[in-house]
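A.B. asks: What follows is the residue order along each chain.
Number of protein chains: 2
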Amino acid sequence: MSLTPVNPDRVITVALIGGGTVGTQVARLLTETAADLRARVGAPLQLTGIAVRDLGKPRPGIDPALLTDDSMALARSGADIVVEVMGGVEDARALILAAMEAGSSVVTANKALLAADGATLYAAAARHGVDLYFEASVAGAIPLIRPLRESLAGDRVTKVLGIVNGTTNYMLTKMDEQDADYAAVFAEAEALGYLEADPTLDVDGHDAAAKAAILAELAFHSRVTLDDVYCEGISKVTLDDVHAAQKMGFVIKLLAVAELSADGSGIIVRVHPAMIPRDHPLASVRLAFNAVFVEAEAAGEMMFYGRGAGGAPTASAVLGDLVAAARNRVTGSVGPGESTYSGLPVLPVGEALTRYYVNLDVADRPGVLASIAAAFADNGVSIQVVRQDGHGDEAGLIVRTHRATDDALRRTVDTLRELDTVKRVVGVMRVEGEVGE
Amino acid sequence: MSLTPVNPDRVITVALIGGGTVGTQVARLLTETAADLRARVGAPLQLTGIAVRDLGKPRPGIDPALLTDDSMALARSGADIVVEVMGGVEDARALILAAMEAGSSVVTANKALLAADGATLYAAAARHGVDLYFEASVAGAIPLIRPLRESLAGDRVTKVLGIVNGTTNYMLTKMDEQDADYAAVFAEAEALGYLEADPTLDVDGHDAAAKAAILAELAFHSRVTLDDVYCEGISKVTLDDVHAAQKMGFVIKLLAVAELSADGSGIIVRVHPAMIPRDHPLASVRLAFNAVFVEAEAAGEMMFYGRGAGGAPTASAVLGDLVAAARNRVTGSVGPGESTYSGLPVLPVGEALTRYYVNLDVADRPGVLASIAAAFADNGVSIQVVRQDGHGDEAGLIVRTHRATDDALRRTVDTLRELDTVKRVVGVMRVEGEVGE
Numbered sequence: 001m002s003l004t005p006v007n008p009d010r011v012i013t014v015a016l017i018g019g020g021t022v023g024t025q026v027a028r029l030l031t032e033t034a035a036d037l038r039a040r041v042g043a044p045l046q047l048t049g050i051a052v053r054d055l056g057k058p059r060p061g062i063d064p065a066l067l068t069d070d071s072m073a074l075a076r077s078g079a080d081i082v083v084e085v086m087g088g089v090e091d092a093r094a095l096i097l098a099a100m101e102a103g104s105s106v107v108t109a110n111k112a113l114l115a116a117d118g119a120t121l122y123a124a125a126a127r128h129g130v131d132l133y134f135e136a137s138v139a140g141a142i143p144l145i146r147p148l149r150e151s152l153a154g155d156r157v158t159k160v161l162g163i164v165n166g167t168t169n170y171m172l173t174k175m176d177e178q179d180a181d182y183a184a185v186f187a188e189a190e191a192l193g194y195l196e197a198d199p200t201l202d203v204d205g206h207d208a209a210a211k212a213a214i215l216a217e218l219a220f221h222s223r224v225t226l227d228d229v230y231c232e233g234i235s236k237v238t239l240d241d242v243h244a245a246q247k248m249g250f251v252i253k254l255l256a257v258a259e260l261s262a263d264g265s266g267i268i269v270r271v272h273p274a275m276i277p278r279d280h281p282l283a284s285v286r287l288a289f290n291a292v293f294v295e296a297e298a299a300g301e302m303m304f305y306g307r308g309a310g311g312a313p314t315a316s317a318v319l320g321d322l323v324a325a326a327r328n329r330v331t332g333s334v335g336p337g338e339s340t341y342s343g344l345p346v347l348p349v350g351e352a353l354t355r356y357y358v359n360l361d362v363a364d365r366p367g368v369l370a371s372i373a374a375a376f377a378d379n380g381v382s383i384q385v386v387r388q389d390g391h392g393d394e395a396g397l398i399v400r401t402h403r404a405t406d407d408a409l410r411r412t413v414d415t416l417r418e419l420d421t422v423k424r425v426v427g428v429m430r431v432e433g434e435v436g437e
Numbered sequence: 001m002s003l004t005p006v007n008p009d010r011v012i013t014v015a016l017i018g019g020g021t022v023g024t025q026v027a028r029l030l031t032e033t034a035a036d037l038r039a040r041v042g043a044p045l046q047l048t049g050i051a052v053r054d055l056g057k058p059r060p061g062i063d064p065a066l067l068t069d070d071s072m073a074l075a076r077s078g079a080d081i082v083v084e085v086m087g088g089v090e091d092a093r094a095l096i097l098a099a100m101e102a103g104s105s106v107v108t109a110n111k112a113l114l115a116a117d118g119a120t121l122y123a124a125a126a127r128h129g130v131d132l133y134f135e136a137s138v139a140g141a142i143p144l145i146r147p148l149r150e151s152l153a154g155d156r157v158t159k160v161l162g163i164v165n166g167t168t169n170y171m172l173t174k175m176d177e178q179d180a181d182y183a184a185v186f187a188e189a190e191a192l193g194y195l196e197a198d199p200t201l202d203v204d205g206h207d208a209a210a211k212a213a214i215l216a217e218l219a220f221h222s223r224v225t226l227d228d229v230y231c232e233g234i235s236k237v238t239l240d241d242v243h244a245a246q247k248m249g250f251v252i253k254l255l256a257v258a259e260l261s262a263d264g265s266g267i268i269v270r271v272h273p274a275m276i277p278r279d280h281p282l283a284s285v286r287l288a289f290n291a292v293f294v295e296a297e298a299a300g301e302m303m304f305y306g307r308g309a310g311g312a313p314t315a316s317a318v319l320g321d322l323v324a325a326a327r328n329r330v331t332g333s334v335g336p337g338e339s340t341y342s343g344l345p346v347l348p349v350g351e352a353l354t355r356y357y358v359n360l361d362v363a364d365r366p367g368v369l370a371s372i373a374a375a376f377a378d379n380g381v382s383i384q385v386v387r388q389d390g391h392g393d394e395a396g397l398i399v400r401t402h403r404a405t406d407d408a409l410r411r412t413v414d415t416l417r418e419l420d421t422v423k424r425v426v427g428v429m430r431v432e433g434e435v436g437e
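Residue numbers (UniProt numbering), protein chains in the order written: chain U, 1 to 437; chain B, 1 to 437.
Some hints could be false.
If you want the footprint, here are the derived chain U segments under chain B, 3+ residues with CB under 8 Å [stated by the list, open to error]:
no., segment
1, 84–98
2, 149–159
3, 298–311
4, 392–405
The set of hints was computed from the structure by calculation and includes no laboratory data. C-beta: ideal position from N, C-alpha, C; glycine also.
All chains should be built: construct the whole structure from the sequences, respecting the hints.
C.D. replies: Here it is, written out as structure tokens:
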């Protein structure tokens, strides 16, 4: 028995915009799994066109008659579903809006556009009574958007903690496991083709920030855009930080964090390197894998893990959305729309309650620890662990704090820099994922 | 903006059958999160009744006027949605079928019923045009059913590997980490109230087998019932096995496995203790947590992790389904139905390709390894690693094989038992989750 009785007269037409890595895989899977898709949808899917930049490029396995370089004409063609996997913001938005105006449901993998201006897309989808699905926009193949939008619809999410950029996770894994410095792992990632054409999108955290905005909006039913996300990249992570983390039983990850503020009056969305305990489920997410850890009031802690990028994994997520949108066409229904009813404001990162690790080169004389402890106490920050290493010119202190506001922790670090007992602030990093947070 | 414009005249009525741990939490969440649920559904949810066994039991926070001990009358009351969280097979089936006949959509957490006779429920749902949702039936709060039914609908799953029974995972974690033997961890689990009233449901793997059947049916679009599942429990797992696993860098887990056969002509569904490498994502799933690892052709490897049991986590999954079913009522649509179009047969476990660990007490004399290696070779089984320990009366051999059919591996063990160089077969266990399988 199939999901829905197959109506022999109904065909679901699909227009594909984008013929790159993901688009090629989507086209391949549409062909190779056609019989499965037909059974799951209740009607055959028919690819009506593929808009590409370069008509001359060889595309083995793809019928040349499907290709066009007029993406706007394809977007306006009135297909049941338009799949947008070309990326970019301005052109993609114009194409998606044109498609919706022509009555097409849209499946997109476009995190940049969604994070910049999701509201416009949602509004157009609602106006035209069509679907907007975007599972592939965050964490590639990992089913994450649908669980947040639908499975957890009866619960209250309190925190989302994710490793959502595979390239930086690969680099940090190599620093941790092979003791390679930042320059070396950057070169390796570049040689492997892991970095975006503009590598700052990865290493400065902008890619992760776009995904954080999308996740935060879904988790907290409040509008969040890229501009709301506090963002620090990994380019300042040093081997000193890596070694300090190792000594404490921690590992460094670039995290996307979205959380309710302590009093529940707003949300804070931030991307930055953070130390997490090695027994935290996210700590074992190695190399280019992605994972998102979600805490909800009733459900407790959950984690979703898998491949965050790559043509086939991203195409798998696109195809899942395509089946959902196609089934909605067959049954005459529409999937979930925008959910921003909570309307919570995004608060400045300074209001986040976090923990810090601080690594100091200090003078090796009596009273040093007392002066440093006072700097923390004066700023209202409580110390959890202090570790003293070395002597003389090598004297060092590693401090890990209890929770305090990010503002208080920054002020503490500013105070430490002024102390004559502190020769140098070697490293500062937030700490996440500890039990009892 | 809410998911759907709220129609002030539309109320979604909900009848709750079962007032135990889960039912109490469902009732609590329906009240406490009423405003959220209304915004997410587009209409308020109204609890019309709760069927319980004992009307006299005090139920703080629950309006006594809602209680009834006539569960059949409540099931037949024509509520928009009937939530069944009473458990058991016969009575629950009669109530669910009566509810569907009265036009109600059904949300259930009943793994035993679904694994025994899901087909009857699906058929009734299709006949009456109502929804059947059951996210809470497997792995509690972890969104797993919806991802398999919907997110991966455009992909082909090749293997599912899950830790789906929290009690046995707790026991095995304690054996591994605290060197406690089976009797000790059984007593501890009993003292903590982790074991089912009939503990064989947990320790003999029957609970995991029911969940394996549900997962296999969804993953492979083929009908699978409890009777199709090969099942071995953990009661024969010894500290010798635990120590042997530790020496090899492995850990023992009770796994539910559903996979395509090597030639794709059928599926194999099995529950048994298995050794997995410590760097496998499932290895870090400790204590009572659950996790399910899924391999799909395009998506690659994914893992879903979280709390597999408990009132609130299970209620979170029920509420997510309730929101989906309620939204369908508001929009006049119906969610996914049964999907068994692939119609693959379930093959005997003997056809599974697996690896074995074999732990032997052997005679300490020349030629022992040769005779044992011959026993493997004669049965067509290739050895991956041999480890020799001890001397004299303590001489032992630990063998880990390459992949072979389960039948060939069993024959090998039978042959080993007959060898005069083998004093005792100390332990035999399957090995899963290795790279390159």
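A.B. asks: Decide, hint by hint, whether the structure agrees.
C.D. replies: Do the hints match the structure? See the list:
no., hint, in the structure
1, 84–98, "violated (count 0)"
2, 149–159, "holds (count 7)"
3, 298–311, "holds (count 11)"
4, 392–405, "violated (count 0)"
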